[in-house]
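2 protein chains.
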Amino acid sequence: MNMSELLQIQQDGEERQSSPRPVTGFSLEEIGRRTGEEILLHGSVYKLRRMSGFAFVLLRTGRHVIQCVYGPEFSRFGMEELVEESCVRVRALVAPEERSRMGWELRLLELEVLSVPAELMPIVINQKKVNTSIENLLDYRMLTLRNEKQRAIFKIQEGICRGFRGFLQKQNFTEIHSPKLVEAGAEGGANIFSLDYFGKQAYLAQSPQFYKQMMVGVFERVYEIGPVFRAEKHDTSRHLNEYTGVDFEMGYIRGFEEIMEMEEAMLQATLGSLQEFCGQELEMLQVSMPRFSGEGTEEPQPWGVEVPHRREDMPMGRIPRIRFSQAKALVSEYYKRPMVEKEDFEPEEEDLLCQYIRGHYDSAFVFVTHYPTGKRPFYAMDNPENPAETLSFDLLFRGVEITTGGQRIHGYQQQLEKLLQRGMDPEEFESYLLMHRHGMPPHGGLGLGLERFTARLLGYENVRQACLFPRDIHRLTP
Amino acid sequence: MNMSELLQIQQDGEERQSSPRPVTGFSLEEIGRRTGEEILLHGSVYKLRRMSGFAFVLLRTGRHVIQCVYGPEFSRFGMEELVEESCVRVRALVAPEERSRMGWELRLLELEVLSVPAELMPIVINQKKVNTSIENLLDYRMLTLRNEKQRAIFKIQEGICRGFRGFLQKQNFTEIHSPKLVEAGAEGGANIFSLDYFGKQAYLAQSPQFYKQMMVGVFERVYEIGPVFRAEKHDTSRHLNEYTGVDFEMGYIRGFEEIMEMEEAMLQATLGSLQEFCGQELEMLQVSMPRFSGEGTEEPQPWGVEVPHRREDMPMGRIPRIRFSQAKALVSEYYKRPMVEKEDFEPEEEDLLCQYIRGHYDSAFVFVTHYPTGKRPFYAMDNPENPAETLSFDLLFRGVEITTGGQRIHGYQQQLEKLLQRGMDPEEFESYLLMHRHGMPPHGGLGLGLERFTARLLGYENVRQACLFPRDIHRLTP
Numbered sequence: 001m002n003m004s005e006l007l008q009i010q011q012d013g014e015e016r017q018s019s020p021r022p023v024t025g026f027s028l029e030e031i032g033r034r035t036g037e038e039i040l041l042h043g044s045v046y047k048l049r050r051m052s053g054f055a056f057v058l059l060r061t062g063r064h065v066i067q068c069v070y071g072p073e074f075s076r077f078g079m080e081e082l083v084e085e086s087c088v089r090v091r092a093l094v095a096p097e098e099r100s101r102m103g104w105e106l107r108l109l110e111l112e113v114l115s116v117p118a119e120l121m122p123i124v125i126n127q128k129k130v131n132t133s134i135e136n137l138l139d140y141r142m143l144t145l146r147n148e149k150q151r152a153i154f155k156i157q158e159g160i161c162r163g164f165r166g167f168l169q170k171q172n173f174t175e176i177h178s179p180k181l182v183e184a185g186a187e188g189g190a191n192i193f194s195l196d197y198f199g200k201q202a203y204l205a206q207s208p209q210f211y212k213q214m215m216v217g218v219f220e221r222v223y224e225i226g227p228v229f230r231a232e233k234h235d236t237s238r239h240l241n242e243y244t245g246v247d248f249e250m251g252y253i254r255g256f257e258e259i260m261e262m263e264e265a266m267l268q269a270t271l272g273s274l275q276e277f278c279g280q281e282l283e284m285l286q287v288s289m290p291r292f293s294g295e296g297t298e299e300p301q302p303w304g305v306e307v308p309h310r311r312e313d314m315p316m317g318r319i320p321r322i323r324f325s326q327a328k329a330l331v332s333e334y335y336k337r338p339m340v341e342k343e344d345f346e347p348e349e350e351d352l353l354c355q356y357i358r359g360h361y362d363s364a365f366v367f368v369t370h371y372p373t374g375k376r377p378f379y380a381m382d383n384p385e386n387p388a389e390t391l392s393f394d395l396l397f398r399g400v401e402i403t404t405g406g407q408r409i410h411g412y413q414q415q416l417e418k419l420l421q422r423g424m425d426p427e428e429f430e431s432y433l434l435m436h437r438h439g440m441p442p443h444g445g446l447g448l449g450l451e452r453f454t455a456r457l458l459g460y461e462n463v464r465q466a467c468l469f470p471r472d473i474h475r476l477t478p
Numbered sequence: 479m480n481m482s483e484l485l486q487i488q489q490d491g492e493e494r495q496s497s498p499r500p501v502t503g504f505s506l507e508e509i510g511r512r513t514g515e516e517i518l519l520h521g522s523v524y525k526l527r528r529m530s531g532f533a534f535v536l537l538r539t540g541r542h543v544i545q546c547v548y549g550p551e552f553s554r555f556g557m558e559e560l561v562e563e564s565c566v567r568v569r570a571l572v573a574p575e576e577r578s579r580m581g582w583e584l585r586l587l588e589l590e591v592l593s594v595p596a597e598l599m600p601i602v603i604n605q606k607k608v609n610t611s612i613e614n615l616l617d618y619r620m621l622t623l624r625n626e627k628q629r630a631i632f633k634i635q636e637g638i639c640r641g642f643r644g645f646l647q648k649q650n651f652t653e654i655h656s657p658k659l660v661e662a663g664a665e666g667g668a669n670i671f672s673l674d675y676f677g678k679q680a681y682l683a684q685s686p687q688f689y690k691q692m693m694v695g696v697f698e699r700v701y702e703i704g705p706v707f708r709a710e711k712h713d714t715s716r717h718l719n720e721y722t723g724v725d726f727e728m729g730y731i732r733g734f735e736e737i738m739e740m741e742e743a744m745l746q747a748t749l750g751s752l753q754e755f756c757g758q759e760l761e762m763l764q765v766s767m768p769r770f771s772g773e774g775t776e777e778p779q780p781w782g783v784e785v786p787h788r789r790e791d792m793p794m795g796r797i798p799r800i801r802f803s804q805a806k807a808l809v810s811e812y813y814k815r816p817m818v819e820k821e822d823f824e825p826e827e828e829d830l831l832c833q834y835i836r837g838h839y840d841s842a843f844v845f846v847t848h849y850p851t852g853k854r855p856f857y858a859m860d861n862p863e864n865p866a867e868t869l870s871f872d873l874l875f876r877g878v879e880i881t882t883g884g885q886r887i888h889g890y891q892q893q894l895e896k897l898l899q900r901g902m903d904p905e906e907f908e909s910y911l912l913m914h915r916h917g918m919p920p921h922g923g924l925g926l927g928l929e930r931f932t933a934r935l936l937g938y939e940n941v942r943q944a945c946l947f948p949r950d951i952h953r954l955t956p
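Sequence order for the protein chains is A and F. With our numbering as the guide, the letters of the first sequence map in order to residues 1 to 478. With our numbering as the guide, the letters of the second sequence map in order to residues 479 to 956.
A couple of the hints might just be wrong.
With a Cα cut of at most 27 Å, we get these calculated DSS-like pairs of lysine-lysine [what the hints assert, rightly or not]:
| # | chain 1 | residue 1 | chain 2 | residue 2 |
| --- | --- | --- | --- | --- |
| 1 | A | K129 | A | K155 |
| 2 | A | K200 | F | K678 |
| 3 | A | K170 | F | K633 |
| 4 | F | K525 | F | K627 |
| 5 | A | K200 | F | K711 |
| 6 | A | K233 | F | K678 |
| 7 | A | K170 | F | K648 |
| 8 | F | K627 | A | K170 |
| 9 | F | K633 | F | K648 |
| 10 | F | K606 | F | K633 |
| 11 | A | K149 | F | K648 |
| 12 | F | K820 | F | K853 |
| 13 | F | K648 | A | K155 |
I should point out that these hints are in silico values taken from the structure, not numbers from a laboratory. On a predicted model such as this, the values are computed, not experimentally measured, just so you know.
Taking the hints into account, I'd like the entire structure generated from these sequences.
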């Protein structure tokens, strides 16, 4: 092989004059297609396995861990130059090799060492799993994420965001960037971080709620994927104090059911696209893709569970729905469990409801609708047929709430009255109310927690597993 | 036309049983193709023009302002039902009309009023422009954004983000979500917001710098589009205290020039895709698309301006480059302007340099390279040939800096020494340094201010024009 052929096939930034915009990452298939050729690769030495007279060298590239072979008969450098977690460029021959599962092996010919670690790793990251406590996993996050399976979580999370965005764009939602420094909290309560803003008191946004509503008056449909901040003192496996909110809001709805339908379709589209974008990571983590439900039925269901009919564009099925009050009764009666709190779910009840729905309707998801008015924020639209409940819903997924949504009040008088009823001061919400005063369409939307959704999808009990650098009541680093 | 045909063509959520996922927004072309048919539309009454015996009704939909006609001979409702900024559903006939520029007009047949504003507008938003002070424009932001031209700015901004993401995905960058609550500032200085975090002092991230570097050790190439916070007391037309940062970081670079090449290609791809995604908005705002530069040349250029050769995949040209020290000399000598500050640019110098480059090289952009070490953060890589300058750059666009970037220190000892040299305490950066200690590839990246880029592209002097809900030293609402 001559040099110009070699340059043609290289993709990793070597010889910049011929490839001014380097592209990282050969896939294993691409390498296999080059059997008999020499290729250039860069990456980090993930793992060394010294054998008698040769060594296996696992090279971690941007997306793959590629097994290479060091052998004194073809490698034109000393084995001692190979150090775990050093960054290298290599020239390698793709040699046919029947004993390899791939049908080829990569023989290291030349090595350029770009950097060498100053110290040995404080934690083992190059086994199949990082076997350590969650505290260690997170304390050494910038290192443990180098583990093949750990980083796969976040490639899948990227795929989820990509799926959401692609779907929402097609549905004519406009992406917005709302401020995170705000004058008043949208979700009420004491769970809000405050700070000094040039002598004024400011807060960190608990959600983009006010802004996405204002933008419905502008673009009809908007979405945002961004950080939200909750100063909750919960210390559980499902709470983070900073998380990534996937928020959308849509105008001209005829009922809050349209919001659930939009979410259902978004989840269908996103889960459907994941295989294409990150199939190898789904396989590596042995992710079991959730089903929605079997066929809908006209028959009355016990406890009022409704399953909308399957549509052609929803191959995974539809998500069953149940009213909050009936869900409470179901869990209490079916699982013979006393109902302690009537106005809210306990975590165990959410879990039991999901078990029931999975067992009886073959669905990993369930919509719970019509939450009590007292438990929803001041902007929630009450049910005109029963003002004690709201036109709202949560989506539960494998035992945990991942979405809260609903219709919002769009009329000025109605919003003003609800604020006053709650003893809130309308002057604090002056700019928010300007929107209602000057005309808004019927609208609603939802917020989904990206980390919770990812964790549930991948089967992690602890939401921190699905957050790059989690923030909780005890943790502000790394 | 019978009802079922009508249902077939409707797209706006009417008759949910037949169209469970409503799609908003007919384009004018789509309406024109339905001449002779009846269509269903929803939107806000943007403007009423009462004529003698009829009225023009401008309907604002999610993306368009569509002129409709009210006439007593075909409209089956009273004209008094039409109120500006009320939200309506209408049934309309697409009637051929030679006097109309489009060749058709929309005759309103039926009206359903969904909401009526409680008060008249405090500000005129339905003229071609919102004629008011910047303060009013921002105080009534949720209303003034309903103006056709105001909202077009943010449709273009969405197109820019979409372009950036699409390009970076193709280049194998992985999207990340880094925390905004941090223990230490990345960019140093006093320009940082602080807050109480469960009894500890926390800060709002000035950039995702530390995290994107850590993630280079994981994915090689990463990006993030998210909020960044600067507690700067500047009160200028180009500063915001919260803005949207477009950040990317890439490993295995052979020099910081690769980062500039990546940005150049990103801008080419993004500007190239804008026409397709938001052509109508670009036209509405009469946006003049920037050129990069003419052909490169081998001739030595005065003051050391370099113009890389045009490549086939860069039809807009390449961006000229000049060293910081030479740029300072150029402005001083060419414009006969005393050089007051040697280590930094004054805003007027940036403006003059851009004027010069535009006049001599036909480029709206210019890269300024090799900034003085003293003016760059502690993570910047010094030039090994001259430690007084860094392997760094800014990108100036139409007179304003929109990007700062450069190569970072990847060696542990080197980073430790630079911290100590600057009198900084390495213990405060313990988790950041863990990354260097355990092996990092040569890497670098950049941060681009989304609002500044948008403002410069659209020709706005004030960056607030290109921020949905700006935050500055005086403004925390709406």
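Hints that the structure is at odds with (numbers, increasing): Violated hints: none at all, because every hint is consistent with the structure.
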